[in-house]
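Trainee: Based on these hints, arrange chain B on the given structure of chain A.
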Amino acid sequence: MSTILLIEQFLNGIQFGVMLFLMAAGLTLIFGVMGLINLAHGSLYMIGAFAAATVASLTGSFLLAIIASVVAAAVFGAIVEFSILRRLYDRDHLDQVLATFALILIFSEGTRWLFGSFPLYLDVPEALSGTVVLLGDIQYSRYRLAIIFIGLLVAVGLYLLISKTRVGMRIRAGENDREMIGALGIDISKLYTWVFALGAGLAGLAGALVGAIQSVQVGMGEPVLILAFVVIVIGGIGSIKGAFIGSLLVGLTDTLGRVLLPIAFSTFMESSAATSVASSLSSMLIYLLMAGVLLLKPSGLFGRAPS
Amino acid sequence: MINRKNISTLGLAVLASCALAVPAIAVADGKVKVGMITTLSGGGAGLGIDVRDGFMLAIEQSGNKDIEVIIEDDQRKPDIAVQLADKMIQSEKVDVMTGIIWSNLAMAVVPSATAQGKFYLSPNAGPSALAGKGCLPNYFNVAWQNDNLHEAAGAYATDEGYGKSFILAPNYPAGKDALKGYKRFYKGEVAGELYTKLGQTDYAAEIAQIRASGADSVFFFLPGGMGISFLKQYSGSGIDLPVVGPAFSFDQGILQAVGEAALGIKNTSQWNKDIDNPTNTAFVESFQAEYGRLPSLYASQGFDTANLLLSAMAKADVGDADAFRAALKLADFDSTRGDFMFGNNHHPVQDIYVREVIKEGDIYTNKIIATGLTDHADAYAADCSM
Numbered sequence: 091m092s093t094i095l096l097i098e099q100f101l102n103g104i105q106f107g108v109m110l111f112l113m114a115a116g117l118t119l120i121f122g123v124m125g126l127i128n129l130a131h132g133s134l135y136m137i138g139a140f141a142a143a144t145v146a147s148l149t150g151s152f153l154l155a156i157i158a159s160v161v162a163a164a165v166f167g168a169i170v171e172f173s174i175l176r177r178l179y180d181r182d183h184l185d186q187v188l189a190t191f192a193l194i195l196i197f198s199e200g201t202r203w204l205f206g207s208f209p210l211y212l213d214v215p216e217a218l219s220g221t222v223v224l225l226g227d228i229q230y231s232r233y234r235l236a237i238i239f240i241g242l243l244v245a246v247g248l249y250l251l252i253s254k255t256r257v258g259m260r261i262r263a264g265e266n267d268r269e270m271i272g273a274l275g276i277d278i279s280k281l282y283t284w285v286f287a288l289g290a291g292l293a294g295l296a297g298a299l300v301g302a303i304q305s306v307q308v309g310m311g312e313p314v315l316i317l318a319f320v321v322i323v324i325g326g327i328g329s330i331k332g333a334f335i336g337s338l339l340v341g342l343t344d345t346l347g348r349v350l351l352p353i354a355f356s357t358f359m360e361s362s363a364a365t366s367v368a369s370s371l372s373s374m375l376i377y378l379l380m381a382g383v384l385l386l387k388p389s390g391l392f393g394r395a396p397s
Numbered sequence: 009m010i011n012r013k014n015i016s017t018l019g020l021a022v023l024a025s026c027a028l029a030v031p032a033i034a035v036a037d038g039k040v041k042v043g044m045i046t047t048l049s050g051g052g053a054g055l056g057i058d059v060r061d062g063f064m065l066a067i068e069q070s071g072n073k074d075i076e077v078i079i080e081d082d083q084r085k086p087d088i089a090v091q092l093a094d095k096m097i098q099s100e101k102v103d104v105m106t107g108i109i110w111s112n113l114a115m116a117v118v119p120s121a122t123a124q125g126k127f128y129l130s131p132n133a134g135p136s137a138l139a140g141k142g143c144l145p146n147y148f149n150v151a152w153q154n155d156n157l158h159e160a161a162g163a164y165a166t167d168e169g170y171g172k173s174f175i176l177a178p179n180y181p182a183g184k185d186a187l188k189g190y191k192r193f194y195k196g197e198v199a200g201e202l203y204t205k206l207g208q209t210d211y212a213a214e215i216a217q218i219r220a221s222g223a224d225s226v227f228f229f230l231p232g233g234m235g236i237s238f239l240k241q242y243s244g245s246g247i248d249l250p251v252v253g254p255a256f257s258f259d260q261g262i263l264q265a266v267g268e269a270a271l272g273i274k275n276t277s278q279w280n281k282d283i284d285n286p287t288n289t290a291f292v293e294s295f296q297a298e299y300g301r302l303p304s305l306y307a308s309q310g311f312d313t314a315n316l317l318l319s320a321m322a323k324a325d326v327g328d329a330d331a332f333r334a335a336l337k338l339a340d341f342d343s344t345r346g347d348f349m350f351g352n353n354h355h356p357v358q359d360i361y362v363r364e365v366i367k368e369g370d371i372y373t374n375k376i377i378a379t380g381l382t383d384h385a386d387a388y389a390a391d392c393s394m
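Chains as they are written, first to last, in the numbering used here: chain A, 91 to 397; chain B, 9 to 394.
Only chain A is shown next, with the shape it has when bound in the complex (with noise of 0.2 Å):
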């Protein structure tokens, strides 16, 4: 395998793994500030594409498409979290899951209501088609590229938010303790609030980005909450650092180990058993990990032991 193709593989692990930290960073932030499991996170994303898709077509210009979605799926998480999830910060964690699944179903099936069971088309914008040539010789898409960019941005903006504002201040000190900063004039649920719908946001913006290059269609945000609730898990929760190392990884594992392993494969077994054991394999590769780092470390690579 030439170094080329290596490198281009090695570029789409990265733009894969900065996709789903725009998701593991909400939902980690979420858990990490309120305590909360949202399965709906997945939901969240999904109407991000959607409105996307539905912006695009009405309007024509993919950047409205893409602000429609940070807004469309910030405000419904806010809606959400005001009217049902507030509830349930006291409860168990088990009460949390079969609420939030409930929500996935309400929104799936609110989402075909309105827009029916064949999938919406959203495209790449003109400007952001066809392919750059990097490095000398490798072709590489320019979407794709500004994924990349726009994921590392985001990454950036949320470090600066979190360790130098006071907005960040607070969220970090109701990580620590929601009691504390209650008892100190904060209006928590305010706060709350604004984490939810900020976190909803970073799903609603991952789920118009890939939803131009993937379908948008009702339950497409479920396969990429597990694979969020993963990189969490490996990056240990609570942790936007964590998230953002675990994306990575988890990006990069899954892409690579799809190439190598059949290749790896090949070179004992015939092709076509290679190429299908192979396939059964890199698909359990992530899991692997995630068992890995939780055998050396029970509470993720940057999760804090519990007390």
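No lab work stands behind these hints, which were simulated from the structure alone.
Values in this document were obtained by computation on a predicted structure and should not be read as measured data.
Beta carbons are placed, not taken as given, at the ideal position from N, Cα and C, and that holds for glycine.
Warning: the hint list may mix true and false statements.
[Claimed, not checked] To give an idea of the interface, some chain A residues facing chain B are shown, with a C-beta separation under 7 Å as derived from the structure:
| no. | residue |
| --- | --- |
| 1 | L95 |
| 2 | S207 |
| 3 | Y211 |
| 4 | R348 |
| 5 | V349 |
| 6 | S366 |
| 7 | S373 |
Mentor: Chain B in isolation, oriented as in the chain A frame:
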């Protein structure tokens, strides 16, 4: 003297146990109860909805009052399909079953339903296990055997002189049948063979491998959303190798979501809206009038399935299983595909066409450009002892 009350209790008990133990006896009144189990929610709902709409359109057009259809949603889950089938057979006492889209669900339901004396008419799934040694007298497939469209794609690739195909499909039984079917009729060399994860949505890694493989053509079988993702990403990758595939990634329902990325791609199907016969023309027109969208191949399969059933009902009573089976086997109905007949294994012997994706006004659709295989049966028919 026996207490009156005891007798009635006894009677009730007997009645109750009868209701539990005695199997459904079809009353010979010419009425037929149809149980349709199909996918109406979740990822593959578009297919089930098309089959249902096509089927119901034919029933409605026939004006036949002796047919009752019960429709249930299997959510694409085998366990739910089995539960629904049990319910339909035991409490609804249906005579005929139909509707299943996916092969793994069909394998869970069809053998047990036919073993209980029901007829099963498949409007879509045609797993190889039911076409060869495991063929069943009461099972009729109105669509195709799973390998058929892939075989036609292989034949087309050979005709076009492709010598180095890169082939890929999801890693599940129908995916393996697909690649096997393609290779059965493709005479060139295979540049690369890949199995992807079922439900995978990102194909960047696979597309990079296609680019590096030196292939001269690409064959893929990625039904539904997987195909949409692949085509959009492929067209953005700057590779311009010709692509062939079965109709499952190019049906009317998903073409609009793929958009321009699909234009010009050749795909194989047993049906298209421009097949020129009066039945098909009327079908396309009335489907559009009724549902406000163009029919897909799935809708045509549902429509044909209902017409096959109606034709058998006109000839025989469903209570007389042998006569009804013989009437089904005759396939004496006007198919949207023109000529239609069953082979010895109750699977269609039919022409498979090569279509090209075109744009008509604002709508993406298909046009037949060639006949891939003529009067094509399947590779398993010889193993069937019927």
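Trainee: Are any of the numbered hints broken by this structure? If so, which, sorted upward?
Mentor: none
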